[in-house]
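Residue-level listing of the chains:
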Amino acid sequence: MPLAQRTELIRALRDVVGADGVLTAHSELLVYECDGFTIEKNSPDVAVFPRTTEDVAAIVRLCNQHDVPFLPRGAGTSLAGGCLPVGGGVMIVLTRMKEIEEINLRDRYAVVQPGVVNVWLTQALRGTGFHYAPDPSSQGACTIGGNFATNSGGPHTLKYGVTVNHVLGVEAVMADGSIVRIGGPAEDTPGFDLTGALVGSEGTLVIATKLWVRLTKDPQGYRTLLGIFDSVDDATNSISGIIAAGIVPAALEMMDHDIVLSLEQAFAFGFPADAQAVLLMEVDGLEAGLDAQRDRISEICIANGAREVRQAADEKERRQLWKARKQAFGAVGRLANSFCTQDGVVPRTKLPHMLRKIYAIGEKYGLRIVNVFHAGDGNLHPIVLFDERDREQVKRVLKASGEILEECLACGGSVTGEHGIGVEKLPFMAKMFTPETLEVMERFRTAFNPDNRLSPHKLLPTAGACGMEHMPAIEQTAPGRKAAL
Amino acid sequence: MIRLCVVSQSATPASFSAITEPTSAGEIESIIKIAAADGRAICPVGGCRAIGRGINVRQGTTALTLGRLNQVIDYPHEDMTITAGAGITIAELQRVLAEKGQRLPVDVPQADEATLGGAIATNQNGPRRYGCGTLRDYVIGITAVDGRGATFSGGGRVVKNVAGYDFCKLLIGSRGALAVITQVTLKVLPQPAGSLLLVAAIEDHEQLGETLRQLAESALTPVTIDFVSGSEWEDVSAAGRSRCYGSLFLGFEGTADEITWLQQQACQHAGIKAARFKPLAPEHDQYEMWSRLCEFPAEETPALTFVANIVPSGVPEFLTTVMQHDPSASLVARAGSGVIFVRCSQPASDAVSLHAKTLLPAARKQHGNCLVYAAPPDLKLTPLAAYGAPHASTNVYQSIKQTFDPQGILSPGVWNYD
Ligand SMILES: Cc1cc2nc3c(=O)[nH]c(=O)nc-3n(C[C@H](O)[C@H](O)[C@H](O)COP(=O)(O)OP(=O)(O)OC[C@H]3O[C@@H](n4cnc5c(N)ncnc54)[C@H](O)[C@@H]3O)c2cc1C
Numbered sequence: 062m063p064l065a066q067r068t069e070l071i072r073a074l075r076d077v078v079g080a081d082g083v084l085t086a087h088s089e090l091l092v093y094e095c096d097g098f099t100i101e102k103n104s105p106d107v108a109v110f111p112r113t114t115e116d117v118a119a120i121v122r123l124c125n126q127h128d129v130p131f132l133p134r135g136a137g138t139s140l141a142g143g144c145l146p147v148g149g150g151v152m153i154v155l156t157r158m159k160e161i162e163e164i165n166l167r168d169r170y171a172v173v174q175p176g177v178v179n180v181w182l183t184q185a186l187r188g189t190g191f192h193y194a195p196d197p198s199s200q201g202a203c204t205i206g207g208n209f210a211t212n213s214g215g216p217h218t219l220k221y222g223v224t225v226n227h228v229l230g231v232e233a234v235m236a237d238g239s240i241v242r243i244g245g246p247a248e249d250t251p252g253f254d255l256t257g258a259l260v261g262s263e264g265t266l267v268i269a270t271k272l273w274v275r276l277t278k279d280p281q282g283y284r285t286l287l288g289i290f291d292s293v294d295d296a297t298n299s300i301s302g303i304i305a306a307g308i309v310p311a312a313l314e315m316m317d318h319d320i321v322l323s324l325e326q327a328f329a330f331g332f333p334a335d336a337q338a339v340l341l342m343e344v345d346g347l348e349a350g351l352d353a354q355r356d357r358i359s360e361i362c363i364a365n366g367a368r369e370v371r372q373a374a375d376e377k378e379r380r381q382l383w384k385a386r387k388q389a390f391g392a393v394g395r396l397a398n399s400f401c402t403q404d405g406v407v408p409r410t411k412l413p414h415m416l417r418k419i420y421a422i423g424e425k426y427g428l429r430i431v432n433v434f435h436a437g438d439g440n441l442h443p444i445v446l447f448d449e450r451d452r453e454q455v456k457r458v459l460k461a462s463g464e465i466l467e468e469c470l471a472c473g474g475s476v477t478g479e480h481g482i483g484v485e486k487l488p489f490m491a492k493m494f495t496p497e498t499l500e501v502m503e504r505f506r507t508a509f510n511p512d513n514r515l516s517p518h519k520l521l522p523t524a525g526a527c528g529m530e531h532m533p534a535i536e537q538t539a540p541g542r543k544a545a546l
Numbered sequence: 459m460i461r462l463c464v465v466s467q468s469a470t471p472a473s474f475s476a477i478t479e480p481t482s483a484g485e486i487e488s489i490i491k492i493a494a495a496d497g498r499a500i501c502p503v504g505g506c507r508a509i510g511r512g513i514n515v516r517q518g519t520t521a522l523t524l525g526r527l528n529q530v531i532d533y534p535h536e537d538m539t540i541t542a543g544a545g546i547t548i549a550e551l552q553r554v555l556a557e558k559g560q561r562l563p564v565d566v567p568q569a570d571e572a573t574l575g576g577a578i579a580t581n582q583n584g585p586r587r588y589g590c591g592t593l594r595d596y597v598i599g600i601t602a603v604d605g606r607g608a609t610f611s612g613g614g615r616v617v618k619n620v621a622g623y624d625f626c627k628l629l630i631g632s633r634g635a636l637a638v639i640t641q642v643t644l645k646v647l648p649q650p651a652g653s654l655l656l657v658a659a660i661e662d663h664e665q666l667g668e669t670l671r672q673l674a675e676s677a678l679t680p681v682t683i684d685f686v687s688g689s690e691w692e693d694v695s696a697a698g699r700s701r702c703y704g705s706l707f708l709g710f711e712g713t714a715d716e717i718t719w720l721q722q723q724a725c726q727h728a729g730i731k732a733a734r735f736k737p738l739a740p741e742h743d744q745y746e747m748w749s750r751l752c753e754f755p756a757e758e759t760p761a762l763t764f765v766a767n768i769v770p771s772g773v774p775e776f777l778t779t780v781m782q783h784d785p786s787a788s789l790v791a792r793a794g795s796g797v798i799f800v801r802c803s804q805p806a807s808d809a810v811s812l813h814a815k816t817l818l819p820a821a822r823k824q825h826g827n828c829l830v831y832a833a834p835p836d837l838k839l840t841p842l843a844a845y846g847a848p849h850a851s852t853n854v855y856q857s858i859k860q861t862f863d864p865q866g867i868l869s870p871g872v873w874n875y876d
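Line by line, the protein sequences give chains E and G. Here the first sequence is numbered in my numbering, starting from 62 and rising by one per residue. Here the second sequence is numbered in my numbering, starting from 459 and rising by one per residue.
To be clear, the hints were calculated from the coordinates, so they are not data collected in a lab. Just to be clear, a hint being listed does not mean it is correct.
[To be verified] For lysine to aspartate or glutamate, the following EDC-like pairs were computed, each having C-alpha atoms within a straight-line distance of at most 16 Å:
no., chain 1, residue 1, chain 2, residue 2
1, E, Lys387, E, Glu468
2, G, Lys731, G, Asp808
3, G, Lys731, G, Asp693
4, G, Lys731, G, Glu661
5, E, Lys278, G, Glu661
6, G, Lys491, E, Glu115
7, E, Lys271, E, Glu468
8, E, Lys220, G, Asp693
9, E, Lys418, E, Glu468
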């Protein structure tokens, strides 16, 4: 951006949000170069921190007047590069819009600003008998605005549904700076489900400034089980068996040997260190039905060769097991200095095949791949370990990751279950969708974002390709992706 | 020959100039391309059960029926997903699923004739929506042809997927005005082992409010919370009384143990002022009653039926307003979800003015909207009655319509407030 224009824009932005709401120094902007996907980095020209919807609208209008790109950002925990400011421009950081505006238990909804951290809502609801169901493993940091934009899942979304199943309405700033409200506290807004279509749009259609989210009644009881397996095959066969038996657990997560071992070394949770795989399984609901479901799950695991199935004795043990699961990414840091997580999905009966394939791909490329994932949804998170100083190894990492995702597609699956396309998976869009579909998606995007200043170069391979030639190339750095938690 | 469009009788066979029955998505592309070239209107119709309510079919419109796209394309039942042509009837779909002990837990009225594509385009659901959700919770993949004749898709065949824009959601409730849905992938669930429907007599709106409030707080997990009232429900509500405000149904599904516990709790559950639930009277079969609750909005009558969507806590007040202005109206309120069907007893023209003057403002007050669900064929509806009050984002809806159907040939008139 030319200096005079930048100075003028910064002055105008300060007029909107005050001097303390605008960051411009290179050192201050480093944090905003990337999100959890650190392979590609680029600094925004300015980061701005609005406090109200009107602030956001005013900022967007200024960006349009100055013809600079802009994009929203929550906590920056996204793993697909959705927050990468391609071409620089203005980063609109929503973390100061952090009020829970309303909690309405009778009508089962809450109204939150986009910067509210996911877990704050659940904390605010503690003791009321309700909770907010989507629980991404990053819930201690990520924002509900970010969850809306990426349609986040989590361990318990197997039974309760992902973010889109819990968003009733949205107030948003459009790419032209106008403010709209779509949906609201009542279900079934007449007309097509636009709220639903905006969820998961990765910041490329609108900037959410307020969300109406559904609250879920706490279950009466839980049974939390730990299945211990001597082979990965036995564990994945058990998962398929549980789903095929028509049981819908609240959560069904798998961790393989290397994850279990690193968790043990880091936190000593008491998992058997020689287990080749463990399944963390939870059923919830009415007490009257839980023991029968628990027994059925145990039987299926044992029939598939489980060494042992343990039940969490009390709430403390249950919390401990879930803590272990949510710490798993953190523990991976002990295994390698860099790692790269994929997010493929396969039909659940294909899990045994897919896990075998992942290990075979690891062997083929001489890489260690560890697995901790949302097994009940068929949503894999193979984590490829590497050393980012080894350029040749980095190339193998990218190849191996690509091959895993190709195999997910060959199984009839998807390249992303919850992290999004961002910039990372752009090359895969043409493999998942026909050119006609991509063209319709492009038209859809254009209806909202006609000048493509809102988060260009994301989600669609073609988006932003034209008219953006003047933008500097994205800096390609070594993958050094580390989970933020 | 096209069958009569009973749910919305605003489109009759005579309204259509031609009927085409394509056998493949490719044929649909060709038909739409030809129509687009001549600017001829196309109205996709499923089983013709809910054809674009409120569409006033213009001269020269071709009806496109999807009855021949009715195959099950892939049913990997162990993955609990199914892919089928949009023309499959809901009853056939449920029959195929039932063979494997599974179901789509969304009730669709007139399931023998309603098609999957039609149910999605009109966002149908029924009494189980409180516990089981709506179609947006089950459609995971969709293929459709837009108003330019381009086939596109959204989602896929796996239960979790965030690649690309979610066109599955966009087409739910789109009334055939954005694209012709040709194929759908659904997430399905196991059939419950057992079910139970209880009923309570409700004396007045205060008791209804109190009972609903207590239910919302209780440990009970109903799939259905439906309140009924009016002449069409006299056999249920009267129950020996001379005059009764209405009846509240409470439906449960689950294992035998769960059902036993729920029945015990619900029948004992009688907080201060709350109603007392009991099993249905012997002359009422619970499955028939469930189906009656589902079919109510779609009954073939000459009367005007409205649907309001409001916050659940506003249901008693909204109902009071309805009963004050049309004491003989029959209604079903899916009280847990705030969705209310009102069949007016007044002549259609009076009902239209009741809507504008009373029902719509009452729904707006409860953060919602109200529009016609079914109307007699000869009634020309105002946009306000047909689509409800326009909202702030109406222009956004219109620009999306323009994107998918630039020539305005698909189900013309929908959401047209001009
Ligand atoms: C350790 C770890 C564990 C994780 N576990 C999970 C998991 O279990 N499930 C899961 O789904 N994800 C998971 N993630 C990914 C990530 O946390 C989620 O995608 C999360 O929703 C991102 O929220 P955020 O606030 O950090 O958004 P950001 O990263 O700041 O933004 C994400 C995207 O949303 C856009 N955006 C942000 N706010 C808005 C807004 N208000 N309006 C419009 N667009 C907006 C951004 O432009 C960007 O494209 C994990 C990440 C980490 C690091």
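Okay, the hints, checked on the actual structure:
1. The suggested pairing of Lys387/E with Glu468/E is violated, with an alpha-carbon distance near 27 Å, which exceeds 16 Å.
2. Taking the CA atoms of Lys731/G and Asp808/G, the gap is near 36 Å; set against the 16 Å cutoff, the hint is violated.
3. Using a Cα cut-off of 16 Å, the hinted pair Lys731/G and Asp693/G is violated, with the two alpha carbons roughly 24 Å apart.
4. With a C-alpha separation of about 10 Å, the suggested pairing of Lys731/G with Glu661/G holds against the 16 Å cut-off.
5. For the given pair, Lys278/E sits about 28 Å from Glu661/G by alpha-carbon distance, which is inconsistent with the 16 Å threshold.
6. Taken as a hint, the Lys491/G and Glu115/E pair is broken in the structure, with Cα atoms around 44 Å apart against an allowance of 16 Å.
7. Under the criterion of a C-alpha separation no larger than 16 Å, the hint pairing Lys271/E with Glu468/E is inconsistent with the structure, at around 39 Å.
8. With a CA separation close to 38 Å, the supplied pair Lys220/E and Asp693/G exceeds the 16 Å bound.
9. Restraint check: the Cα-Cα separation between Lys418/E and Glu468/E comes to about 8 Å, which is no more than 16 Å; the hinted pair holds.
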